[in-house]
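What follows is each chain in one-letter form.
2 protein chains.
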Amino acid sequence: MKVIRGVVVIFMVAVLAEVGEAARSLSSNWKPRLEGGNYDYSYSYCLSWRLAAETNDIRGWRTVPSECLRHVQSYMLLGQYNLDLNLIIFEHIFPYINSIPLSNDGYDAWILDIDDTCLSNIVYYKLRQFGCEPYDPQGFKMWASRGGCPAVPATLRLFNKLVETGLKVFLVSGRDEETLYQATADNLHNQEFIGYERLILRSAANRGQGGVVFKSEKRKQLVEEGYRIWGNVGDQWSDLQGDFTGNRTFKLPNPMYFVP
Amino acid sequence: MKVIRGVVVIFMVAVLAEVGEAARSLSSNWKPRLEGGNYDYSYSYCLSWRLAAETNDIRGWRTVPSECLRHVQSYMLLGQYNLDLNLIIFEHIFPYINSIPLSNDGYDAWILDIDDTCLSNIVYYKLRQFGCEPYDPQGFKMWASRGGCPAVPATLRLFNKLVETGLKVFLVSGRDEETLYQATADNLHNQEFIGYERLILRSAANRGQGGVVFKSEKRKQLVEEGYRIWGNVGDQWSDLQGDFTGNRTFKLPNPMYFVP
Chain A
1 MKVIRGVVVI FMVAVLAEVG EAARSLSSNW KPRLEGGNYD YSYSYCLSWR
51 LAAETNDIRG WRTVPSECLR HVQSYMLLGQ YNLDLNLIIF EHIFPYINSI
101 PLSNDGYDAW ILDIDDTCLS NIVYYKLRQF GCEPYDPQGF KMWASRGGCP
151 AVPATLRLFN KLVETGLKVF LVSGRDEETL YQATADNLHN QEFIGYERLI
201 LRSAANRGQG GVVFKSEKRK QLVEEGYRIW GNVGDQWSDL QGDFTGNRTF
251 KLPNPMYFVP
Chain B
1 MKVIRGVVVI FMVAVLAEVG EAARSLSSNW KPRLEGGNYD YSYSYCLSWR
51 LAAETNDIRG WRTVPSECLR HVQSYMLLGQ YNLDLNLIIF EHIFPYINSI
101 PLSNDGYDAW ILDIDDTCLS NIVYYKLRQF GCEPYDPQGF KMWASRGGCP
151 AVPATLRLFN KLVETGLKVF LVSGRDEETL YQATADNLHN QEFIGYERLI
201 LRSAANRGQG GVVFKSEKRK QLVEEGYRIW GNVGDQWSDL QGDFTGNRTF
251 KLPNPMYFVP
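Protein chains in written order, with the working numbering: chain A, 1 to 260; chain B, 1 to 260.
If you're looking for bench data, these hints aren't it; they were derived computationally from the structure.
These numbers come from a predicted model, not from an experiment.
There's no promise every hint is true.
As the list claims (entries may be wrong) - Using C-beta positions, here's what the derived DEER-type ranges look like:
(1) Y107(B) x G148(A): 23 to 29 Å
(2) G210(A) x M142(B): 27 to 33 Å
(3) Y107(B) x P137(A): 37 to 43 Å
(4) R198(B) x N190(A): 55 to 61 Å
(5) P260(B) x G210(A): 42 to 48 Å
(6) S203(B) x M142(A): 55 to 61 Å
(7) M142(A) x Q221(B): 48 to 54 Å
(8) E225(A) x G226(B): 37 to 43 Å
(9) E225(B) x M142(A): 49 to 55 Å
(10) E217(A) x R70(B): 42 to 48 Å
(11) Y96(B) x M142(A): 51 to 57 Å
(12) Y181(A) x S203(B): 27 to 33 Å
Said to hold, decoys possible - Here are a few chain B residues that face chain A, going by a calculated C-beta distance under 7 Å:
(13) L83
(14) D84
(15) I88
In this text, a Cβ means the ideal position worked out from N, Cα and C, and glycines have one as well.
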C-alpha cells in the first residue's frame, strides 16, 4: 500500500512539474483577449475562470465558457470537486461546529441551502453541458419535481452531525414552494436528510426576488424568532450575502451555474 | 505557430486527463483527516486548500500547510497566478470600468490595496517558504522599508486605466504610516504608480485594529467627503468586507498569507 502511495505521489509531482513547465512556456506569450489575442490553452484559462467565479469576481454569468466544458466536466466528475467539498466540510466546518458554545435552549441554528449543497444536480447538468447551456427554468423544474436528486455525500454527513450536535437545521432554498414543496420534502427524505427543523422555500410573495433579498428576509425572521445562526452553507454567494448571514459562512464550489 | 499551439493544446488535454484519472483512482480511497487518514496526494489536496482559502472558507490561517510549499511556489512563479490576475483585471474589471456612468464632478472613486495588489511581495516570500513560515512583522517591515517591491504588472495597467478614465484612486493599506509612509510613497513612485489621489496608511489611532475595521473607517470618511466608491480591489477578504465596501469588489488571489 505504501509503495502504491509513493508511486502515486511521484506521478502527481511529475504531472505538476509538467503543468508548471507548460504554463511557464505559455505565460511569456500571454496576450489579454482585449488586445485581440486568443486563449488557446484552455486548461490554464479555465482554472483562472473557475477561481474568479468561485471568489465572486465574475458575477451574473449565464453560461460556463464553451471552451471550459471539458474542464468543468472533469472537475465535477473525476474527484477534485468531492475533494474540495471534503476539505471544507470535514477539515473546517466540523471543527467549527465542535467549537460552538451551545446553550441548549433550542435556539442554536444552522442554515443549509438545498441545490448543490444538500442535493446534487450533477446528473441534470450532465445533460446540459455542465452549464455551457443557458439555464432552462422549465427543464430544471421538471427535474426537481421528480424528487430524484442524490444527496451530496459530504453534506449529508454534515447534516447528520448538525442534528446530532443539537443544532436546529433550517433548509432555505429558492425553489418554488407551491410547485416543488412536496417533491423537495420527499427527495430530502429519500436521501435521508431527516430531522431538520423547517424547510423554507420561495413563496408567492417572494417570487421574482433575488436570492440575497429572499434569503435575508427569511434569516431575519429566524433571528426575530430568537434563533442564533451559527453557520450558513451554500454553493452560491447569494446564499451567503445580505443581512443576518450567520456567524460563519461557507461557500461550497459550483462552477456550473450562477444564481443572482 | 498554429502547429505549436495545437501540440500544446493536445499536451494540456493529456495532462488534464492524467490528473483526472489519478484523482478518480484516489478519491475512492479518500478518508478525511479527522478519521485518522493522511493525505499523501498533495497536489489535489493543495488545490482544495487554495480554493478554500481564496473563497474565505478557511480563516485566520497562520501558515500555508507545509505539504503545499511546492504547490504554492509553482502557482506563484510558473504562470498561473499571473493568468488569474490577468483574467480578473483585463476581462472583468476593465469592462466594468468602461460601464461606469461617470459624473465628472471629481467624486468618482476607486480603492486599491497595496501589498500584493499594487506592489508584489513575492521576492520576500520566496525567502519565507511562500508562506509556510509564520508572519514575521519585523522582517516584513525591513523589506517594505527598502521600497524595492516590484509592481504587480496587471495592477499597474489597471491603475493607469483608472487614472486615465478620470477616477480618483485611493490607495488604502494596513502598512504603518509613521514608519513606512515615505518608503511606500517612494516605492509606488519608482514603480510608476503616479497620479493617485491619496495614500492612506494605518495611523497610530488605527494600530491594532483588524483590516475590516480600519479599512471600513477610512472608506466611511471618503463617502462622507462625497466620494462614490465604484470599485475596490484587494488580495485579502478584509480589504473587501465591512462597511462602504464599494459598488463592486474584486478579490485578487493570494495563497501566501492571511490578513485578518
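Against the structure, the hints:
{"no.": "1", "hint": "Y107(B) x G148(A): 23 to 29 Å", "verdict": "violated (54 Å)"}
{"no.": "2", "hint": "G210(A) x M142(B): 27 to 33 Å", "verdict": "violated (48 Å)"}
{"no.": "3", "hint": "Y107(B) x P137(A): 37 to 43 Å", "verdict": "holds (41 Å)"}
{"no.": "4", "hint": "R198(B) x N190(A): 55 to 61 Å", "verdict": "holds (59 Å)"}
{"no.": "5", "hint": "P260(B) x G210(A): 42 to 48 Å", "verdict": "violated (30 Å)"}
{"no.": "6", "hint": "S203(B) x M142(A): 55 to 61 Å", "verdict": "holds (60 Å)"}
{"no.": "7", "hint": "M142(A) x Q221(B): 48 to 54 Å", "verdict": "holds (53 Å)"}
{"no.": "8", "hint": "E225(A) x G226(B): 37 to 43 Å", "verdict": "holds (41 Å)"}
{"no.": "9", "hint": "E225(B) x M142(A): 49 to 55 Å", "verdict": "holds (54 Å)"}
{"no.": "10", "hint": "E217(A) x R70(B): 42 to 48 Å", "verdict": "holds (47 Å)"}
{"no.": "11", "hint": "Y96(B) x M142(A): 51 to 57 Å", "verdict": "violated (36 Å)"}
{"no.": "12", "hint": "Y181(A) x S203(B): 27 to 33 Å", "verdict": "violated (55 Å)"}
{"no.": "13", "hint": "L83", "verdict": "holds (5 Å)"}
{"no.": "14", "hint": "D84", "verdict": "holds (5 Å)"}
{"no.": "15", "hint": "I88", "verdict": "holds (5 Å)"}
Hint compliance for this structure: hints 1, 2, 5, 11, 12 are not met, and every other hint is.
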